[in-house]
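J.: The residues making up each chain are set out below.
Protein chains: 4
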Amino acid sequence: MKATNEVITMQKMWHKHLLRVHYKATDQMGVVHHANYISWFEMGRTEMMRHLGIAYRDMEALGLLLPVLDVKVKYHKPAHYDDCVAVYTTLTEFSPIRLTFNYEIRRVSEGECQHHENEQLTEPDGELLTSGQTVHMWLNNKWKPARLNKVAPEVYDELKKIVAIKK
Amino acid sequence: MKATNEVITMQKMWHKHLLRVHYKATDQMGVVHHANYISWFEMGRTEMMRHLGIAYRDMEALGLLLPVLDVKVKYHKPAHYDDCVAVYTTLTEFSPIRLTFNYEIRRVSEGECQHHENEQLTEPDGELLTSGQTVHMWLNNKWKPARLNKVAPEVYDELKKIVAIKK
Amino acid sequence: MKATNEVITMQKMWHKHLLRVHYKATDQMGVVHHANYISWFEMGRTEMMRHLGIAYRDMEALGLLLPVLDVKVKYHKPAHYDDCVAVYTTLTEFSPIRLTFNYEIRRVSEGECQHHENEQLTEPDGELLTSGQTVHMWLNNKWKPARLNKVAPEVYDELKKIVAIKK
Amino acid sequence: MKATNEVITMQKMWHKHLLRVHYKATDQMGVVHHANYISWFEMGRTEMMRHLGIAYRDMEALGLLLPVLDVKVKYHKPAHYDDCVAVYTTLTEFSPIRLTFNYEIRRVSEGECQHHENEQLTEPDGELLTSGQTVHMWLNNKWKPARLNKVAPEVYDELKKIVAIKK
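Residue numbers (numbering that gives the first Met the number 0), protein chains in the order written: chain X, 0 to 166; chain P, 0 to 166; chain D, 0 to 166; chain C, 0 to 166.
Mixed in with the good hints, there may be bad ones.
Note that the list lumps identical chains together, so a pair holds whenever it fits in one copy or between two copies.
[To be verified] Think about it this way: if two alpha-carbon atoms lie no more than 30 Å apart in a straight line, the pair counts; the simulated DSSO-like pairs of lysine-lysine are:
| hint | residue 1 | residue 2 |
| --- | --- | --- |
| 1 | 11 | 141 |
| 2 | 143 | 71 |
| 3 | 76 | 159 |
| 4 | 141 | 71 |
| 5 | 76 | 149 |
| 6 | 71 | 11 |
For the record, the hints were derived by calculation from the structure and aren't laboratory data.
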């Protein structure tokens with residue numbers, strides 16, 4: 000994404016969202032069932048967008064949907080019941096049509112869940128459990144593709160401003 | 000259900016719907032997590048209504064919603080991964096405004112899940128695991144109470160015909 | 000629980016745990032699917048017990064299980080996506096054999112979820128969405144009934160101290 | 000899968016498992032929430048292995064675990080409430096250490112869910128909704144890697160026999 004005169008480069012900032020592993024997420028292997036991470040990714044990107052001032056709820060109110068086209072997950076180590084985990088989310092690709100988010104789920108210290116210090120970091124910390132990616136596409140409420148810069152230019156500009164640095 | 004000296008009595012018929020316990024439903028106690036039974040009740044009543052010729056999907060298409068007002072569950076014995084269980088459902092109260100369903104979840108023989116013999120029974124069989132009840136209310140799609148005999152008299156009459164015996 | 004000379008009376012204190020409604024919890028009626036509240040109750044009692052210094056994880060490490068015998072839920076109003084809700088939990092019955100918790104789920108102001116001010120209250124506040132109850136029984140890890148005062152007297156005493164006032 | 004000049008080629012057979020989309024799987028976009036497909040893949044491979052005579056439950060009883068290392072999902076079209084869908088599963092890679100399954104979720108005709116004709120097919124039919132892949136690794140019950148041909152040679156041989164054709 001490096002380039003010569005005018006190019007948009009993503010700030011590689013990770014949004015950190017903390018959560019506590021609850022009982023229902025476990026399975027009889029004694030670990031978190033692998034399907035739950037997909038929902039945790041969703042929580043991560045929701046909280047990141049809220050933090051950026053673009054609540055997903057508000058976009059739905061504008062008639063915009065952002066369904067998932069593609070999910071990839073790699074499972075490194077299992078999470079356990081009652082662990083405090085951080086969902087790290089970063090926006091890695093951005094166009095008027097699509098968004099790509101990357102994620103890391105990491106086990107962090109007990110104290111972090113008690114203080115809920117959500118924040119932006121350049122480097123995720125904690126023990127890596129799962130990493131993944133989701134690709135999304137903007138649709139209107141008739142499920143037709145929508146160009147964000149046409150249908151909600153103010154949201155598009157805001158997103159661009161936040162996620163990009165012109166060089 | 001109002002009447003002079005004639006009384007409508009419910010046929011106590013149980014609809015039997017078979018399902019296989021899947022891995023995601025288990026928790027680290029090695030049993031089915033208690034929240035899953037609520038969804039199994041939902042599958043039971045959906046399949047019962049479909050069997051009665053009144054698919055819930057069609058009622059939503061008519062602008063009718065049937066949200067849950069009240070749930071009660073009693074847990075007798077745990078279900079385990081890969082068990083074949085039968086969800087027994089019966090309609091126990093019925094008016095133009097409300098419906099009450101009762102449920103029994105029972106472990107049945109392995110063979111039943113391979114043949115999927117859904118049927119109507121006067122007496123549920125198998126090992127009782129969970130019993131419960133849900134109460135529902137008819138709403139229109141603006142979430143206002145709806146009298147079924149006014150908004151969908153044909154559905155109301157059909158339900159009445161099927162579930163009742165005049166004595 | 001009233002009596003003459005020496006009697007244990009429950010402190011009616013509600014533990015407040017905040018959570019954000021995530022997308023996966025919604026259904027096509029546009030509200031939170033009713034089964035999710037069961038998991039929210041579980042989060043509520045887990046966080047209450049942690050706050051009381053008796054993490055459920057530690058009790059499992061002692062070989063104790065606390066499965067659910069009975070669940071009741073009343074649905075007053077629906078929760079919606081992205082709502083900030085408080086799960087209020089209180090312990091209403093307590094013996095060496097059983098525990099009963101009561102719950103209220105209430106919609107609270109947006110700001111509360113941003114500050115995560117979990118706390119103990121004598122009176123729950125917010126808009127009442129759901130109320131309910133769960134009954135639990137102590138079992139050992141062979142799934143046989145266990146008397147808490149015999150198998151873990153220190154936990155029993157701690158629980159008793161915290162939840163009771165001698166009169 | 001090592002051999003001299005003889006080569007083991009996978010039979011590309013798809014196992015077809017039918018399921019009905021239930022209400023809880025939907026979200027407020029009016030479609031099946033994307034996380035549910037991960038569980039459907041799990042049901043698909045469980046039923047395929049049962050059909051092959053190697054129930055996953057029995058492998059856990061032998062002290063073998065088969066956790067997921069990697070999941071990929073592509074979402075083509077949404078599934079809706081009450082749809083009848085087929086989960087097609089095929090084993091695409093096989094060694095003493097790892098298994099890879101591929102999946103297709105397809106919408107099929109209403110009648111198929113009423114007759115539950117699970118079967119083996121060379122070509123999946125129906126309207127393609129989702130495709131995906133999971134990679135798994137054999138572990139012993141201490142979560143250490145296990146070579147299937149060492150720890151359960153009879154299972155390994157059976158799997159090999161079933162999935163392979165010598166040329």
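J.: Tell me, please, which holds for residue 141 and residue 71 at an alpha-carbon limit of 30 Å: within, between, both or neither?
T.: both (27 Å within a copy, 27 Å between copies)
J.: Go through the copies and call it for residue 76 and residue 159: within, between, both or neither, with a Cα cutoff of 30 Å.
T.: between (35 Å within a copy, 29 Å between copies)
J.: For residue 143 vs residue 71, is the C-alpha pair at or below 30 Å within one copy, between two copies, both, or neither?
T.: both (24 Å within a copy, 24 Å between copies)
J.: As a check of your reading, is residue 71 near residue 11 (CA-CA no more than 30 Å) within one copy, between copies, both or neither?
T.: both (19 Å within a copy, 24 Å between copies)
J.: From the Cα coordinates, with 30 Å as the cut-off, is the pair residue 11 and residue 141 best called within, between, both, or neither?
T.: Answer is neither: 33 Å inside a copy and 37 Å across each miss the 30 Å cutoff.
J.: Given a CA cutoff of 30 Å, do residue 76 and residue 149 count as a within-copy pair, a between-copy pair, both, or neither?
T.: Cα proximity of residue 76 and residue 149: across copies only (24 Å, versus 43 Å in one copy).
Of the numbered hints stated above, the single one contradicted by the structure is hint 1.
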